[in-house]
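S.K.: One letter stands for each residue in the lines below.
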Amino acid sequence: MRVTVFIRPKAGILDPEGEAVRGSLRTLGFSVGGARIGRLVDLEVDASTPHEARTEVERMCSQLLANPLIESFEVEIEGAAE
Amino acid sequence: MSVRPKIAVIVFPGSNDDRDAAWALGALGADAKPVWHAEPTLPRDTGAVVLPGGFSYGDYLRCGAIARSASIMSAVRRFAAHGGPVLGICNGFQILCEAGLLPGVLRRNRDLEFVCRDVAVRVERADTPLTRRCETDQILTIPVKNGEGSWYADEELYTELEQSGQLVLRYAEDCNGSVGDVAGVCDEVGNVLGLMPHPEHAMDPLLGSGDGALLLASLVDAAHGRVLSGTTR
Chain A
1 MRVTVFIRPK
11 AGILDPEGEA
21 VRGSLRTLGF
31 SVGGARIGRL
41 VDLEVDASTP
51 HEARTEVERM
61 CSQLLANPLI
71 ESFEVEIEGA
81 AE
Chain W
1 MSVRPKIAVI
11 VFPGSNDDRD
21 AAWALGALGA
31 DAKPVWHAEP
41 TLPRDTGAVV
51 LPGGFSYGDY
61 LRCGAIARSA
71 SIMSAVRRFA
81 AHGGPVLGIC
91 NGFQILCEAG
101 LLPGVLRRNR
111 DLEFVCRDVA
121 VRVERADTPL
131 TRRCETDQIL
141 TIPVKNGEGS
151 WYADEELYTE
161 LEQSGQLVLR
171 YAEDCNGSVG
181 DVAGVCDEVG
191 NVLGLMPHPE
201 HAMDPLLGSG
211 DGALLLASLV
221 DAAHGRVLSG
231 TTR
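Those protein sequence lines, which keep their order, are chains A and W. Position one of the first sequence corresponds to residue 1 (this note's numbering), numbered consecutively onward. Position one of the second sequence corresponds to residue 1 (this note's numbering), numbered consecutively onward.
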């Protein structure tokens, strides 16, 4: 089962990379109010149901993929009704 | 010192200050043993453990995130749980935070700058295995070299750590956007410590500063104390 995880810096957490990109976009003439940079992880997960896949991937997120102090994550399962 | 206490220096793929750390500990009277990350156990009679600086696993995902699940880390956890002194320097500090052995997390530096210079660091507590040879409020000159050394804890955690005295070292100047200018922290008990500055690179006034030797000599003392008291694992 194909699962995508979106990891983002939590709201209120300073994101200097996003700030630098925002500045650069403005230099190029784009009107950008804000930019935040996160990470996307595509996973191929062995699971028989979307529910099982979600539970498994949420465990992966809390143990490794995201650091809960500064990052939030969202799990999207291909073909599953959100 | 009649006995040279054994200090394990853990080597991860991408560690690059392991040999400097081992050299510095050796110069201060320890028997520094490099230990490969895939080993299941620490050497017999280990008196202290150092996680050195570098870029373990290429800093993939987050600095220290991959290294924290290395095989040797279970042994390091057990050693720490039994009161063994564990020190993380720079990337080692990041690994200990990711492993949950130290509070907080190291983020990208505020100004996106790789900071590489001598900084003034103030000793907040002189009763830890890392600072016993120092005095409270003593200012040390020690170099930092990192791109992701900005320590972060939310307000609640920060207040808690401040009250419990876990903020062991602070920058005495603006360095990289660390919350509360924190440069080094310890765990609740005080035997697990981490700092971003590199004491192993401040070993001789001829090369800028010898202040790092105060910190590492404190660690060697702590390791020696464990050997003498027979509490090595």
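It is possible that part of the hints are untrue.
[Unchecked claim] Derived list of chain W stretches under chain A, where covered just means 3 residues or more per stretch with a C-beta under 8 Å from a C-beta of chain A:
1) 97-111
2) 147-154
[What the hints assert, rightly or not] Far from chain W by the CB rule (all over 10 Å, computed), these chain A residues:
3) I13
4) F30
5) L40
6) A47
7) H51
8) E56
9) N67
If you're looking for bench data, these hints aren't it; they were derived computationally from the structure. Since the structure is predicted, the reported quantities are computational estimates derived from the model, not experimental observations. Beta carbons are placed, not taken as given, at the ideal position from N, Cα and C, and that holds for glycine.
S.K.: Give a verdict on every hint.
M.R.: Comparing the hints with the structure gives:
1. 97-111: holds (count 8)
2. 147-154: holds (count 3)
3. I13: violated, 8 Å
4. F30: holds, 20 Å
5. L40: holds, 12 Å
6. A47: holds, 22 Å
7. H51: holds, 26 Å
8. E56: The claim holds: A/E56 sits with its nearest Cβ about 17 Å from chain W, beyond 10 Å.
9. N67: For A/N67, whose nearest Cβ neighbour in chain W is about 6 Å away, the distance does not exceed 10 Å, so it is violated.
Hints 3, 9, counting from the list given before, are not met by this structure.
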